[in-house]
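Enquirer: What follows is each chain in one-letter form.
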Amino acid sequence: MSDNGTLLRVSDLRTHFHTEDGVVKAVDGVSFRIDRGRTFALVGESGCGKSVTAFSIMQLIPIPPGRIVSGSIELDGEELLDLNEKQMRHIRGSQIGMIFQEPMSSLNPVFTCGSQIVEAIRLHRRISSRDARAMAIDLLVQVGIPEPAQRFDEYPHQLSGGMRQRVMIAMALSCRPRLLIADEPTTALDVTIQAQILELLKELQASTQLSILLITHDLAVVAGTADVVGVMYASKIVEQADTGQLFAEPLHPYTHGLFRSIPRLGEKKHRLETIPGTVPNPLNFPAGCKFHTRCHIGRDKPRCRTQEPTLREVRPGHWCACWECDRYETAAQSDPSDKVT
Amino acid sequence: MGAYLLRRLILSVFTILGVMVLTFVLFNLIAGDVSSNYVNPKLGDQAKQDWLEKRGLNKDVIFNKTAGAKFWTGEFYDTQFWRHMIDCVTFQGHSYRYPDKTLMSIIAEKAKYSLALTVPMMAIGWFAGLAISAFVAYFRGTIIDRAGVFITVLGMCVPFLAYMILGQWAMFQISPQHAWGLASPVNIYVPVAIGVIAGLGGSVRFYRTVFLDEMNRDYVRTARAKGVPLPGILFRHVLRNCMLPILTSVVMSIPFLIMGSLLLEQFFGVNGLGDLFLSSINDRDVPIITGLTFLTTVIYVIGLVITDILYAVFDPRIRLR
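Chains C and S are the protein sequences, given in the same order. Counted from 1, the first sequence has number 332 at position 332 by this note's numbering; the numbering is strictly sequential. Counted from 1, the second sequence has number 76 at position 76 by this note's numbering; the numbering is strictly sequential.
Some clues are possibly wrong.
What the hints assert, rightly or not - Non-contacting residues of chain C with respect to chain S, defined by C-beta distances greater than 10 Å in every case (computed): (1) Arg36; (2) Gly37; (3) Ser70; (4) Glu102; (5) Ser106; (6) Pro109; (7) Glu119; (8) Leu198; (9) Thr274; (10) Arg294; (11) Arg312; (12) Val314.
As the list claims (entries may be wrong) - Okay, the calculated bits of chain S under chain C, using three or more residues with CB under 8 Å as the criterion: (13) 50-64; (14) 90-100; (15) 194-206.
Because the hints were derived from the structure by calculation, they are not lab data. Quantities reported herein were computed from a predicted structural model and do not represent experimental measurements. Here a beta-carbon is modelled for each residue, glycine too, at the ideal position from N, C-alpha and C.
Just chain C, with the same shape it has in the complex (with noise of 0.2 Å):
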């Protein structure tokens, strides 16, 4: 896959939600880049913003309570953030598709696969309703439903999961989107189902040039299938690196610990690592660096408790929002069981 460019540029994006309790700061300050036919991997634990990013670009955000209060979101250098409802509906669906986790309850149950996919076509095509399904049984060609004319007349509950997530992939790619939005495309899935899916993607990718925005907190999914992953912890990028260089060279302490809890193959341990603690409350961040609470690094020192780190390039392509991330790689080093191949 060669580098066409930007596509999806977003900057300092900032989507708070006004509750009765406070504000609370879902995304804060979120800045990343999404080139042709790449995948970028959004990565963290659940309530880390990963999903609220994903609809601050589609401008999904219930409003109120929600509101994205600063930033831009640029879409082949067009400000979506400065259209009106109105115009980012011809967005929706046409230049960005958008799949859930859940194909369960993702599809409207009371109306076949085939008419939902023929809708999504229809909204943003003016062709015929015969046309619109034979493009309709195409695109679950494409997507590996089998026996796709009598499926396109099935309704949703009749379907498996995967293949659900397949009509749910077909109806978001079916007005050949730019981008794809995967909000934890697979998560509900079984594994076997996921690899699939995974593959899936992968193919209409290469074949389209479609570039994909990954959210997901599963780091296998993420070393399968992203060029570039960032790594979310409360509310912001605190690392970012193309996929290679983030799985053998973990900077953030953050990073490191998600590593260390995943179990390894060969590998003799009775209990996997955690990392210690909670996610802070969002209505009530820690100063200082929002991960020095739970991190065996930064917890005493003055810097981590009083200064937040922003972003850095520590090296090059791997950026790294962490005082301590020098110093860290050589204390990680000395410890052989944290070393990570």
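Please arrange chain S on chain C, whose structure you already have, making use of the hints.
Expert: This is chain S only, laid out in the frame that chain C set:
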């Protein structure tokens, strides 16, 4: 589907028979000496016996064994119970109060007044309830929604009787000749309007909950991500999914459609079936009460079967087997 319908219909017949038997038993137990309402006790026992004789109330209760009739002869079934059962089904029983009229003719004569009241009341009520609740749900979380909820809760808290009394009082102030009775056909709009307004609070709150419940579903998010405009989401995606609870509430009120509104008819002098039902109870006019009970049961049971069929029509996940 065919087998399901057949089974449902057979069960329905038994349900209706059960209701018929039950009404007979109840009236035999609690109605007491009905003749005392119609025959002055001072006229003596003979007059009472004549009255009972004429209405078949001195026959045996269930089986006529005294005449030596055998169970294969018609005579054997010439009893109060079988007479009740036959009168129910044929509507050919005679009212105690109007001995020369059959039940059928009385219902035919009065039903139109009830329907004139209830059909517009329900149609406007449903339409207004759905439209207002869709509107309020569309603006969920905003000041419009909150004001809507406040007004509907307020509307629900006021008793039905208060609407009628206030409505009638207001009508007497504005134009007294339209406040009561059916001397002028336009008078029917007064109880219709009051019925609609009184019912609106409850229905808006119910439909709003149903709408909001559906609008938070995942498929709505998918539809928005496809670029479906909001009216399309509300009236294509959401409404279709809301049909089940809406249908149920609609069918539940069909018997009310025929039977009329007991209180509204009494209050506004609408001479319909509701009014007839109430006065029959007061006068212990048993054939009319049992006949109307039978009619309500049949309509209700048929309505439930139709709801089941419509469920399957609107929700493909439901199969009638």
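Enquirer: Decide, hint by hint, whether the structure agrees.
Expert: Quick rundown of the hints versus the structure:
The non-interface label for Arg36/C is consistent with chain S: the shortest C-beta to C-beta separation is roughly 21 Å, beyond 10 Å. For Gly37/C, the requirement that its beta carbon stay farther than 10 Å from each beta carbon of chain S is met, with the minimum near 22 Å. At roughly 23 Å from the closest C-beta of chain S, the C-beta of Ser70/C stays outside 10 Å, upholding its exclusion from the interface. With a least beta-carbon separation of about 5 Å from chain S, Glu102/C fails to lie farther than 10 Å from that chain, contradicting its non-interface assignment.
A beta-carbon of chain S comes within 10 Å of the beta-carbon of Ser106/C; the shortest separation is about 5 Å. Under the 10 Å C-beta cut-off, the non-interface status given to Pro109/C relative to chain S is violated; the minimum distance is some 6 Å. Distance to chain S contradicts Glu119/C as a non-interface residue, since its nearest Cβ pair spans about 7 Å, not more than 10 Å. Consistency note on Leu198/C: stated as away from chain S, and its beta-carbon is indeed over 10 Å from all of that chain's, at 20 Å minimum.
Every Cβ of chain S is farther than 10 Å from the Cβ of Thr274/C; the closest lies at roughly 31 Å, confirming the non-interface assignment. Interface exclusion of Arg294/C from chain S stands, the closest Cβ pair being 32 Å apart, more than 10 Å. For Arg312/C, the shortest C-beta to C-beta distance to chain S comes to about 35 Å, beyond the 10 Å cut-off, and the non-interface label holds. Even its closest Cβ contact with chain S, about 36 Å, leaves Val314/C beyond 10 Å, as expected for a residue assigned away from the interface.
Counting residues of the stretch 50-64 of chain S whose C-beta lies closer than 8 Å to any C-beta of chain C gives 0; at least three are required, and the coverage claim is violated. Chain C is given as covering the stretch 90-100 of chain S, and this is violated because 0 residues of the stretch bring a CB closer than 8 Å to a CB of that chain, at least three being needed. Remark: the stretch 194-206 of chain S is not confirmed as covered by chain C, as 0 of its residues place a Cβ nearer than 8 Å to a Cβ of that chain, below the required three.
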